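Chain B with the ligand: place on chain A using the hints.
Chains as they are written, first to last, in UniProt numbering: chain A, 1 to 303; chain B, 1 to 799.
Don't read these hints as lab results, they were simulated from the structure. Every value quoted in this text rests on a predicted model; they were computed, and no experiment measured them. No residue lacks a Cβ here, since even glycine has one placed at the ideal position from N, Cα and C. Treat the hints with caution; some may be incorrect.
Far from chain B by the CB rule (all over 12 Å, computed), these chain A residues [as the list claims (entries may be wrong)]:
hint, residue
1, Trp54
2, Pro77
3, Gln254
4, Asp272
5, Ala275
6, Arg296
Here are the computed distance ranges between Cβ atoms for each label pair [as the list claims (entries may be wrong)]:
hint, chain 1, residue 1, chain 2, residue 2, range
7, A, Ala219, B, Gln638, 48 to 56 Å
8, A, Ala49, B, Arg258, 33 to 41 Å
9, A, Gln29, B, Gln526, 41 to 49 Å
10, A, Glu261, B, Ala616, 52 to 60 Å
11, B, Gln638, A, Glu295, 29 to 37 Å
12, B, Pro585, A, Ala275, 26 to 34 Å
13, B, Ala344, A, Arg278, 50 to 58 Å
14, B, Pro585, A, Asp203, 36 to 44 Å
15, B, Gly657, A, Gly5, 55 to 63 Å
Short derived list, chain A residues pointing at chain B, Cβ under 10 Å [as the list claims (entries may be wrong)]:
hint, residue
16, Pro16
17, Ala17
18, Tyr46
19, Thr53
20, Leu57
21, Ser58
22, Tyr59
23, Thr64
24, Pro80
25, Leu93
26, Met115
27, Gly117
28, Thr121
29, Lys161
30, Pro164
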Amino acid sequence: MPDYGHDLLFGSFITPANATPHEVVALAQESEAAGLDLVTFQDHPYQAAFLDTWTLLSYVAARTERIRLSGNVINLPLRPPAVLARAAASLDLLSGGRFELGLGAGGFWDAIEAMGGRRLTPGQAVDALSEAIDIIRGLWDPSDTSRFRVDGTYYQVAGAKRGPAPAHDIGIWLGAYKPKMLRLTGAKADGWLPSLPYMGSLDAITEANAIIDEAADGAGREPAAVRRLLNVSGRFGAAGDGLLTGPPEQWAEQLAVLTLEYGFSSYILMGDDPAVIRTFGGEVAPLVRDLVAKERAARGTVR
Amino acid sequence: MDYGHPLRFGVLLAPGEHVATKALEDLVDLAELSEELGYDLVTFSGGPAQADPWTLASWAAGRTSRVRLLAAPARDGNPAVVARAAASLDLLAGGRVDLALATAHTPDADAVGEAIDVIRGIWSASERSPLYVEGKHHRVAGADRGPAPSRTVPLWIDGADPALLRLTGQKADGWTAPLALGTPPAHPGGHAEDGTAADSAPADSAPAGTAPAGTAPAGTAAGPAPDGSVVDGVWVGELVAAQRVIDAAAAEAGRDPREIRRLARIAGRFTADRGGFLTGPPEKWVADLLPLVLDAGFATFVLSAGDPETVRRFAAEVVPVLRTAVDRERRARGVAESAPARSAFVRSKRREGIDYDAVPASLAATAVEPGDAAYARVRSTYLRGGSPGLVLRPGTPADVGDAIRFARTQPVKLSIRSAGHGISGRSTNNGGIVIDVSRLNAIEVLDKETRRVRIEPGARWSDVAAALAPHGWALSSGDYGGVGVGGLATAGGIGWLVREHGLTIDHLRAVEMVLADGSQVRADEQENPELFWGVRGAGANFGIVTSFEFEVDEVGDVGFAQFVLDATDTADFLERWGAAMEAAPRDVTSAVILGRPRPGQPLIAQMMAVVDSDDADTIVSRLQPLAATAPLLDYSIQVLPYAAVMHVPPGTHDAQGEPVTRAALADHLTPELSAAAARLVRSGLTYFFHIRSVGGAASDVAPDATAYAGRSANFQLVAFGHSRGDLDPAWDALLPHFSGQYINFETDRRPERVHEAYPGDTLRRLRALKRRYDPAKVFRDNFAFDPAEEDVTPGAAAG
Ligand SMILES: Cc1cc2nc3c(=O)[nH]c(=O)nc-3n(C[C@H](O)[C@H](O)[C@H](O)COP(=O)(O)OP(=O)(O)OC[C@H]3O[C@@H](n4cnc5c(N)ncnc54)[C@H](O)[C@@H]3O)c2cc1C
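Next up, chain A with everything else stripped away, as it sits in the complex (with noise of 0.2 Å):
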């Protein structure tokens, strides 16, 4: 069914590895070099391989001039949300705009704890995850001049100050799999950005869009008002049966098809191979870009 019109964008997602820091950043800077619109890290603060996520965000940015970044997903557990939206407004003022806030509700739970953070069940992960985007939007916004209070299940806020507000509406977007966490994108993101390798199949990807559309739409929202991110893995190379191996022209098939009959506009490509990164950037989403554009032409559906 689906095509939601959106533009389409591609991205890059770094393994944040801290025994080769600069090696993360040249890759954020290949990402860039190689044409792509966003560059992505996981945050797994719990993780002691790994950069800080945040930090590293926003090194990356000051040492790139155009892409756009995101977490993949930030770790919202061991990240207060009235932090996290001052840091969110600060980076996208820093860097013109060009933050997004891919955001999660947390997973790994006895890491979590094992570092001084809160277990939750995963349900209430999900109602800590809604009054976190409503600080977090509430934050956002200064035109507000009343003193911002919340007094929630999860997260209190008593009077405080707004702002600063971001350079740009920063989207916030949500790695959700299961119903509930599903319907919260709806009702509230700006996306929602699985992993297709936990997808399991196409039909639940289906499913999960029509969760979405109706959560959308029980909120009074357009369902396009939800961008639909997917992070993917592949290999290039000889023709294969498997989604996303085989030649670049293949992927840019296999994308295109994700676009227009799953409602996808953004690909995200695990992977720290220089190499593939800059095919996925030259080739493939160029590919896929004129794919995407003809047959909206011939559907009617540019919107």
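Using the frame of chain A, we list chain B with the ligand on its own:
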């Protein structure tokens, strides 16, 4: 009261009320300007606009390269996350980070103390147990440790509360005096707005709703006194009192108060007329600041000024004059200038036998001791676990000289390290000293015409390949890009292009090195030719090479092939592969690796080959005979830049234990050797058996032309095992089949190995050189021979 700390100057960067993109950009511009002007540090506050100070600092790190960042995490951060963030910033910014614990707003010393324990615990990556901190405010229950920052990140406490002052004395590396403390006399006109801006991190919302917003935190509200009636100097007393509390707590904790740096934030105005504190011409500023240094113990000043003009004038007109004045006064008063001493904690981890206080000044700041945060990154090497007592990291040849002169007076083991991939070379030890020259890692072209390049020992071959690629050049080195120049180019260098272009040392035209007495020499065919001869094969015995000059080759894209073969008929495969290699043109070099046999499964051989050609037909024709040496299970062939074949990302090493290897050179893989090698592999005593092809151009050079004597060999063999007791007898049985030794893969320390590597006359010449250049046997970590006697003790330095 003057702790003698070197003066340092910084700039506080805080956005104003209305923060927009432009305002933050201006702030970062100011950070860049501060760096240009020679300030030592910049620090950030969120300002009334509530920008995130950590984000500002991280961004500024990306835009600067030298200035230190005194970075403050946002309030309410989880300390374990803060620790990783600070270590990450340090790693990204190249060791330029100080961490400010912003406590002015939550002056609960207990919570800050617990946070410090968490932060330091996370950084202690060399401890292998998970971290537990059971605090009232912070609780960590089994978190993984790491990463360690690249250098010890100093922790600063900001506050005047007596409990915080005591905590500073007990645990911190620096104290920031709140502006309100020791209020200086204001000039009649007042300049309160400048003053408050210096500490303007706002009250904030907290997720748990703890801090009521809008209440001005203690320490920010008060500006300078409203009237100028206080006599200059009297107000200093309050600051001195605070310093005394810190010092008493430090002494009680067994610390030297000089471990703790003291920072004062200052704000003022340049005016023609003299006003109150820091209001007036530059001389007035100097006069106001001097007592803070000499009488109140401050040596770090952070200027709070939003405008570039004040920042410029302060750097140009106050800093140099103040430095001179402080120098003069300190000399007059007999105050010795010294960097803050290493903390009591670090000293408690020191090892016996090393006179740490005698480490030369040129090396002290970059040296790493067991208690330092960076220790986890430098203690071990790629294949060997270690726990040295001191790692010296000289950054210039002169500093290498200082390091050697110091180390030779210490009664402990000495190891030399470039990139830490030593096998024979014991580049770490237990309780001894390591001289690590990895910071000497420059690569530069000296002459394009003759393809002459200068490479320092700390460069890795991956870096070398990447640097030469744009010129269409390469230097045959090894088959693994992580290996360092220092250890390989002093011994041999059997690389992917060896059959066509010879050993790495065959391209060496000159070296500069530091000898056992700390002196620097150059050696080439004209100057010190005998030393130059010895360095090419036994360099580690004579000194530390600080610079190599090579003549490199023109090399473009190459064919890189990987084959998986069924080597169940192992002897037959080895014999065939050996014969195929000996018959092959020189533009192909290959190697085979056999693993441990698994019951009921075919024995797998991996074969790698490089063909110096980008022509598909040539590549295929070279590879076909190799692929036919055993049943082919899988393969891949790519045409790649040589630099891509060598590419290995940099990283730190954390091996444990000791590698067990045996190695040899062989002229031919005869049926007898092949059969014996097959039996060894079948025995399971080696889990990694690797044969590299040599010969070709390497054999064009006469055996006595360099100290690397094994010129007749077509093959180099190495077996890795688990147990020396098992591997040695099995390998010794193969000895009759071998023709010599390449030292770099051999870990056996019996004297015979030295004779294999340096037979007959070669060893006589080398001993003569050792007598001349290192009679005291300072260098003994890698195939060391005695200057005179017959005794030899390869790798005697290992712990
Ligand atoms: C994975 C791997 C692959 C390898 N592949 C190859 C290969 O293909 N071909 C090959 O020839 N070798 C190869 N080697 C062996 C390698 O050449 C040696 O281990 C070499 O010593 C590593 O150099 P390094 O600078 O990294 O080692 P380090 O551990 O830093 O130093 C090893 C020793 O070299 C000496 N040394 C180091 N720096 C200097 C200096 N500046 N001046 C004087 N002496 C110094 C010291 O005795 C020191 O103990 C390989 C090793 C490994 C671990």
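Now the hints, each set against the structure:
no., hint, result
1, Trp54, "7 Å, violated"
2, Pro77, "9 Å, violated"
3, Gln254, "24 Å, holds"
4, Asp272, "9 Å, violated"
5, Ala275, "8 Å, violated"
6, Arg296, "33 Å, holds"
7, A:Ala219 with B:Gln638: 48 to 56 Å, "52 Å, holds"
8, A:Ala49 with B:Arg258: 33 to 41 Å, "36 Å, holds"
9, A:Gln29 with B:Gln526: 41 to 49 Å, "45 Å, holds"
10, A:Glu261 with B:Ala616: 52 to 60 Å, "40 Å, violated"
11, B:Gln638 with A:Glu295: 29 to 37 Å, "35 Å, holds"
12, B:Pro585 with A:Ala275: 26 to 34 Å, "29 Å, holds"
13, B:Ala344 with A:Arg278: 50 to 58 Å, "52 Å, holds"
14, B:Pro585 with A:Asp203: 36 to 44 Å, "57 Å, violated"
15, B:Gly657 with A:Gly5: 55 to 63 Å, "60 Å, holds"
16, Pro16, "8 Å, holds"
17, Ala17, "8 Å, holds"
18, Tyr46, "7 Å, holds"
19, Thr53, "9 Å, holds"
20, Leu57, "8 Å, holds"
21, Ser58, "3 Å, holds"
22, Tyr59, "4 Å, holds"
23, Thr64, "9 Å, holds"
24, Pro80, "4 Å, holds"
25, Leu93, "5 Å, holds"
26, Met115, "5 Å, holds"
27, Gly117, "7 Å, holds"
28, Thr121, "19 Å, violated"
29, Lys161, "6 Å, holds"
30, Pro164, "5 Å, holds"
Hint check: violations occur at hints 1, 2, 4, 5, 10, 14, 28; the rest are consistent with the structure.
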